[in-house]
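Please construct the entire structure, taking both the sequences and the accompanying hints into account.
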Amino acid sequence: YYTPVGKFIAFLRRHILKVKYISLVNLVADKEVVRELVADTMTVDNVRSELESLLYNKVYRNKVLEEYDRIIQILGPAGASGTAAREMVALLKK
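Residues 6 to 99 (the numbering used here) make up the sequence shown, in order.
No lab work stands behind these hints, which were simulated from the structure alone. Do not take every clue at face value.
Capping the alpha-carbon separation at 30 Å, the derived lysine-lysine pairs in DSBU-like fashion look like this [as the list claims (entries may be wrong)]:
hint, residue 1, residue 2
1, Lys36, Lys25
2, Lys12, Lys99
3, Lys23, Lys63
4, Lys98, Lys36
5, Lys63, Lys98
6, Lys12, Lys36
7, Lys99, Lys25
8, Lys12, Lys25
9, Lys12, Lys98
10, Lys12, Lys63
11, Lys36, Lys68
12, Lys25, Lys63
13, Lys68, Lys99
14, Lys23, Lys99
15, Lys36, Lys23
16, Lys25, Lys68
17, Lys68, Lys23
18, Lys36, Lys63
19, Lys12, Lys23
20, Lys25, Lys98
Now the in silico label distances, taken between C-beta atoms and shown as ranges [said to hold, decoys possible]:
hint, residue 1, residue 2, range
21, Lys63, Phe13, 15 to 21 Å
22, Leu60, Pro82, 16 to 22 Å
23, Lys98, Glu55, 28 to 34 Å
These figures come from a predicted structure and were not determined experimentally. Cβ coordinates follow ideal geometry from the N, Cα and C atoms, glycine included.
Dropping the structure here:
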């Protein structure tokens, strides 16, 4: 996510916020499934690199897709938004 106050947000994220991840996907998986491009890491080069990896690196893309499948299993078939919300609250309380 791009913000004009990127360095400040990056500082807050490293020193004040008590979550490992910002992305819902990563929060539910409790690991980095998708690269988080936030504040000072949201650059044209980083976006280009990530898109190229997803489009042209089959191993990388398949790894991400496998993790999405795992997340689908975690969330279950019905009521995924409620399950995701409960997972987020549980992770935030850790």
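To see whether the hints hold, each was checked on the structure:
Distance check on the hinted pair: Lys36 and Lys25 sit about 8 Å apart at the alpha-carbon level, within 30 Å; holds. Under the criterion of a C-alpha separation no larger than 30 Å, the hint pairing Lys12 with Lys99 is consistent with the structure, at around 26 Å. Our distance criterion of 30 Å between C-alpha atoms is broken by Lys23 and Lys63, whose separation comes to about 34 Å. Proximity of Lys98 to Lys36 is assessed by CA-CA distance (about 16 Å); at most 30 Å being required, the pair is judged to hold.
Taking the CA atoms of Lys63 and Lys98, the gap is about 36 Å. The hint is violated against a cut of 30 Å. Distance check on the hinted pair: Lys12 and Lys36 sit about 24 Å apart at the alpha-carbon level, within 30 Å; holds. Note on Lys99 and Lys25: the hinted pairing holds, with a Cα-Cα distance of about 10 Å set against a maximum of 30 Å. The hinted pair formed by Lys12 and Lys25 meets the criterion: a straight-line CA distance of about 18 Å does not exceed 30 Å.
Distance hint between Lys12 and Lys98 is fulfilled; the C-alpha atoms sit about 26 Å from each other, no more than 30 Å. This hinted pair does not check out: Lys12 and Lys63 have alpha carbons roughly 33 Å apart, beyond 30 Å. With a CA separation close to 13 Å, the supplied pair Lys36 and Lys68 stays within the 30 Å bound. Pair hint Lys25 plus Lys63 holds up; C-alpha atoms about 27 Å apart against a cutoff of 30 Å.
Of the supplied pair hints, the one linking Lys68 and Lys99 holds, its CA atoms being roughly 27 Å apart against a limit of 30 Å. Distance hint between Lys23 and Lys99 is fulfilled; the C-alpha atoms sit about 9 Å from each other, no more than 30 Å. Using a Cα cut-off of 30 Å, the hinted pair Lys36 and Lys23 holds, with the two alpha carbons roughly 15 Å apart. Of the pairs offered as hints, the one joining Lys25 and Lys68 holds, with about 20 Å between alpha carbons and a cut-off of 30 Å not exceeded.
As the CA atoms of Lys68 and Lys23 are separated by approximately 27 Å, the hinted pair is consistent with the 30 Å bound. For the given pair, Lys36 sits about 20 Å from Lys63 by alpha-carbon distance, which is consistent with the 30 Å threshold. A distance of roughly 18 Å separates the Cα atoms of Lys12 and Lys23; the hinted pair therefore holds under the 30 Å criterion. A hinted pair counts as satisfied when its Cα atoms are at most 30 Å apart, and Lys25 with Lys98 qualifies at roughly 12 Å.
The hinted range of 15 to 21 Å is not satisfied by Lys63 and Phe13, whose Cβ atoms lie roughly 38 Å apart. A hinted range of 16 to 22 Å for the beta carbons of Leu60 and Pro82 is inconsistent with their spacing of about 30 Å. For Lys98 and Glu55, the Cβ-Cβ distance of about 30 Å falls inside the hinted range of 28 to 34 Å, so the restraint holds.
Hint compliance for this structure: hints 3, 5, 10, 21, 22 are broken, all remaining hints hold.
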